[in-house]
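Colleague: Sequence:
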Amino acid sequence: MSNIYNEVLDKIIYLYEGYSKEHRACTQPFHLQKVKAAVKDYQYDCDDILIREPLIEHSGSLPMVATTIYPHIKDKSVDLGEALIMLAIHDIGELVVGDEMVFTKQDDNGLEKAAALKLLPTIYHDLYLDMEEQRTNTGKFAKSIDKITPDVVDLMTPAEVTLDRYSKQVGDESPVTLLKMHKHPHMLWNDFMKNLHLELMTRLEEKLT
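Going by our numbering, 19 is the number at position 19 of the sequence shown; the sequence numbering is gapless.
There may be inaccurate statements among the hints.
[Said to hold, decoys possible] If you anchor each label on the Cβ, the simulated ranges turn out as follows:
| id | residue 1 | residue 2 | range |
| --- | --- | --- | --- |
| 1 | 76 | 40 | 47 to 57 Å |
| 2 | 60 | 192 | 18 to 28 Å |
| 3 | 12 | 173 | 35 to 45 Å |
| 4 | 4 | 182 | 40 to 50 Å |
| 5 | 182 | 98 | 16 to 26 Å |
| 6 | 206 | 125 | 37 to 47 Å |
| 7 | 182 | 47 | 19 to 29 Å |
| 8 | 63 | 156 | 14 to 24 Å |
| 9 | 40 | 97 | 34 to 44 Å |
| 10 | 98 | 163 | 22 to 32 Å |
| 11 | 5 | 163 | 41 to 51 Å |
[What the hints assert, rightly or not] In silico DSBU-like links for lysine-lysine, alpha-carbon gap of 35 Å or less:
| id | residue 1 | residue 2 |
| --- | --- | --- |
| 12 | 21 | 113 |
| 13 | 40 | 118 |
| 14 | 34 | 207 |
| 15 | 194 | 180 |
Worth flagging that the hints you see were computed from the coordinates, not collected in a lab.
Glycine included, C-beta positions come from ideal geometry on N, C-alpha and C.
My request is simple: use the sequences and hints to build the entire structure.
Modeller: The structure is reproduced here in structure tokens:
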């Protein structure tokens with residue numbers, strides 16, 4: 001006979017380990033600070049796992065950003081509770097397929113979505129699909145939070161580090177140009193999100209030039 005308590009604990013451990021070991025493409029500026037302080041003459045490398053943002057930190061930061069922004073969007077149709085669940089679960093498929101930069105992502109076969117739906121209890125499927133397909137304003141809000149948060153991280157990161165990372169991972173095109181092209185469309189559903197992202201792009205462009 002199965003022990004539901006052991007099953008739940010094992011699932012939590014699996015997720016905690018998976019989210020901790022999966023690292024995103026972006027540099028985590030405060031990990032970089034710690035490594036520079038601990039390692040003499042440290043030479044930055046965007047692929048160094050010590051300074052890349054773990055998936056668990058990305059997912060953990062999203063509720064903070066969402067709850068900070070939510071009072072300003074002035075949209076009563078957005079359910080903050082549902083949005084927070086979406087943000088907690090939306091990257092679970094990366095435990096199977098890994099992370100890929102938004103600028104190069106090509107999941108034409110829906111592998112990440114299929115993996116996510118297999119890992120998630122069915123009670124979360126509709127919320128997951130809402131965010132993925134942006135069916136409602138709640139899904140659009142969650143998606144915009146997921147898109148804008150890494151851009152805030154770039155704003156906190158030293159300019160030379162961000163420029164080096166983009167040149168190696170994407171090419172010579174301006175980071176701000178890429179962000180406006182790939183991220184800004186997700187902000188257009190709400191005036192506050194649109195203008196917040198434009199302000200962020202202005203500050204990031206000033207920092208990088």
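Colleague: Hints first: check each against the structure and report whether it holds.
Modeller: For each hint, the structure was consulted:
no.	hint	result
1	76 with 40: 47 to 57 Å	holds (55 Å)
2	60 with 192: 18 to 28 Å	holds (24 Å)
3	12 with 173: 35 to 45 Å	holds (41 Å)
4	4 with 182: 40 to 50 Å	holds (42 Å)
5	182 with 98: 16 to 26 Å	holds (19 Å)
6	206 with 125: 37 to 47 Å	holds (42 Å)
7	182 with 47: 19 to 29 Å	holds (21 Å)
8	63 with 156: 14 to 24 Å	holds (18 Å)
9	40 with 97: 34 to 44 Å	holds (37 Å)
10	98 with 163: 22 to 32 Å	holds (25 Å)
11	5 with 163: 41 to 51 Å	holds (50 Å)
12	21 with 113	holds (20 Å)
13	40 with 118	violated (45 Å)
14	34 with 207	holds (22 Å)
15	194 with 180	holds (11 Å)
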